[in-house]
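Since chain Y is already given, all that's left is putting chain R on it; use the hints.
Listed in order, the protein sequences are those of chains Y and R.
In this text, residue positions in the first sequence follow the numbering used here: the first is 2, and each later residue adds one.
In this text, residue positions in the second sequence follow the numbering used here: the first is 24, and each later residue adds one.
A hint or two may mislead.
[As the list claims (entries may be wrong)] Heads up, incomplete: computed chain R residues facing chain Y, CB under 7 Å, no partners named: (1) F120; (2) C148; (3) T160; (4) I199; (5) D224.
[Said to hold, decoys possible] Partial list, computed: chain R residues near chain Y (C-beta under 8 Å): (6) E25; (7) Y26; (8) T54; (9) R196; (10) D197; (11) C198; (12) G221; (13) R222; (14) M223.
[To be verified] Pairwise CB distance ranges, derived in the manner of DEER restraints: (15) Y/Q194 <-> R/R217: 29 to 37 Å; (16) Y/H134 <-> R/Q51: 21 to 29 Å; (17) Y/Q136 <-> R/Y116: 50 to 58 Å; (18) R/R217 <-> Y/F201: 26 to 34 Å; (19) Y/R199 <-> R/V50: 30 to 38 Å; (20) R/E184 <-> Y/Q167: 47 to 55 Å; (21) R/T114 <-> Y/R199: 52 to 60 Å; (22) R/Y26 <-> Y/A106: 28 to 36 Å; (23) Y/H134 <-> R/S171: 45 to 53 Å; (24) R/T114 <-> Y/D163: 54 to 62 Å; (25) Y/L5 <-> R/K118: 29 to 37 Å.
Derived from the structure by calculation, the hints contain no laboratory data.
Cβ coordinates follow ideal geometry from the N, Cα and C atoms, glycine included.
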Amino acid sequence: MASLKPGEANLGTTIMAVEFDGGVVIGADTRTTTGSYIANRVTDKLTEVHDRIYCCRSGSAADTQAVADIVHYYCQMYSVQNGEAPSVKVAAAMFQQLCYTNKDALMAGIIVAGWDKYNAGSVYSISLGGSMHRQGFAIGGSGSTYIYGYCDATYRDGMTVDECLQFTKSAIALAMARDGSSGGCIRLAVITQEGVRRIFVPGNELPTFFEG
Amino acid sequence: MEYNGGSVVAMKGKNCVAVAADRRFGVQFLTVSTDFQKTFKVHDKLFYGLAGLGTDVQTLSEKFRMKTNLYKLREERPIEPRTFAHLVSSTLYEKRFGPYFAEPVVAGLDKNNEPFVCSMDLIGCINFAKDFVVAGTAGPNLYGMCESLWREDLEPEELFEITSQALLNAVDRDCISGWGAVVHIITPDKIITRTLKGRMD
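One chain only, chain Y, in its complex shape:
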């Protein structure tokens, strides 16, 4: 499996996606690093691949941008050729194909989430090796290791949109406090049948917890 080359930009990251009845909530921090230098402190890691399908990118910035661009292209071709939007599962399978086949060259941990008319909200997590897992909620990136316990303890099936937003915001804020590669602000998006609503949470409005 590949690793970051010296000097390569790294989306250290904490990314997260949660399903709810009617759609998904996705979120990410905003830090990009080269080594320990913070190259971009307001990065947008939530990338559109189709009208109601987004991906959360972690790992190599270049690799994930390139893969997301290709999947964006494939989704456009799909919708033209099939006369309807691809389902989230199809978009996730496109990511899986690229990540699995090129696993030796890529370092990309991606969460695909969105709304489609057949399955409503869905979240798919694609690991470094290219395996795809549908989950009620998914967390990824280096910062996710610090919040597995918090997420397992807090998540419930059937949360409302606002509960999902609060859950995502708090989890990412906790990861940002402990992980050096995650930080800055939080970007969130709510994807439903109506469309995509983006929310920006600046650094001074993050939920606060025990700070030792």
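For chain R alone, kept in the frame of chain Y given last:
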């Protein structure tokens, strides 16, 4: 030097000096503690800061405490900043081929209350500066901030502002420094110590 993270800065003012450091202690990208001490007092007119490997910061601070206590007992006077700087330099050079992974900054007022700052590399090469000195993982960032913000003859309160802003904004561009800061201003009459809450990410 990039294992635990951390940065320190010292600046000269008008009849005063400032020493500041962040408070993070981590293991690579994991932050373990937000109250790790990197600035140390020798006496009322002399401070130093140590950036680098956490264990060496602690061991060196204890070594210097012992050496300066013995100095005071023998000389019957507190140690001058310039002399202390040379003491630090010798202590580091003793380990030339198996060094302590720490870079010190020294700041104080000499017996005539003249401000003094200097920094060293990990094997004791002293850099006597007339304005400011930096060390640690956000060192390059601190150089940029200090070069822009520092000017001559800053009064104690102004020096505090300049030092704080230089440190806070430099560490905000470094993943492994930050999580709070502590600033000491040393004047002939008193020491003002303030703890700053910065970005905790």
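For each hint, the structure was consulted:
1. The beta carbon of R/F120 comes no nearer than 27 Å to any beta carbon in chain Y, farther than 7 Å, and the hint placing it at the interface is violated.
2. Hint on R/C148 is violated. Least Cβ distance to chain Y is approximately 24 Å, over the 7 Å limit.
3. Because the beta carbon of R/T160 sits about 6 Å from the nearest beta carbon in chain Y, less than 7 Å, this interface hint is met.
4. Restraint check, R/I199 versus chain Y: the minimum CB separation of about 5 Å is within 7 Å; hint holds.
5. Taking 7 Å as the C-beta cut-off, the interface hint given for R/D224 holds, the closest approach to chain Y being about 3 Å.
6. For R/E25, the shortest C-beta to C-beta distance to chain Y is roughly 6 Å, which falls under 8 Å, so the interface hint holds.
7. Given hint, R/Y26 at the interface with chain Y, is violated; its Cβ is 11 Å from that chain's nearest Cβ, farther than 8 Å.
8. Hint status for R/T54: holds, given a least beta-carbon distance of 5 Å to chain Y, under 8 Å.
9. Nearest Cβ of chain Y to the Cβ of R/R196: about 5 Å, under the 8 Å cut. The hint holds.
10. A least Cβ separation of about 6 Å between R/D197 and chain Y falls short of the 8 Å threshold, and the interface hint therefore holds.
11. Nearest Cβ of chain Y to the Cβ of R/C198: about 4 Å, under the 8 Å cut. The hint holds.
12. A least Cβ separation of about 10 Å between R/G221 and chain Y goes past the 8 Å threshold, and the interface hint is therefore violated.
13. Hint on R/R222 holds. Least Cβ distance to chain Y is approximately 6 Å, under the 8 Å limit.
14. Below 8 Å, beta-carbon pairs count as interface contacts, and R/M223 has one with chain Y at about 6 Å; its hint therefore holds.
15. For Y/Q194 and R/R217, the hinted distance range of 29 to 37 Å is not satisfied, since their beta carbons lie about 53 Å from each other.
16. Distance hint check: the CB atoms of Y/H134 and R/Q51 are about 28 Å apart, consistent with the given range 21 to 29 Å.
17. Checked against the hint of 50 to 58 Å, the C-beta distance between Y/Q136 and R/Y116 comes to roughly 57 Å, which is consistent with it.
18. Checked against the hint of 26 to 34 Å, the C-beta distance between R/R217 and Y/F201 comes to roughly 32 Å, which is consistent with it.
19. For the pair Y/R199 and R/V50, the supplied restraint of 30 to 38 Å holds, since their beta-carbon distance comes to about 35 Å.
20. The given range of 47 to 55 Å is broken by R/E184 and Y/Q167, whose C-beta atoms sit roughly 37 Å from each other.
21. For R/T114 paired with Y/R199, a C-beta distance near 55 Å keeps the hint of 52 to 60 Å intact.
22. The hinted range of 28 to 36 Å is satisfied by R/Y26 and Y/A106, whose Cβ atoms lie roughly 29 Å apart.
23. At about 49 Å, the beta-carbon gap between Y/H134 and R/S171 stays in the expected band of 45 to 53 Å.
24. The beta-carbon spacing between R/T114 and Y/D163, approximately 59 Å, falls within the hinted interval of 54 to 62 Å.
25. In this structure the supplied range 29 to 37 Å holds for Y/L5 paired with R/K118, their Cβ-Cβ distance being about 33 Å.
In summary, the structure is inconsistent with hints 1, 2, 7, 12, 15 and 20 from the numbered list given earlier, while agreeing with the others.
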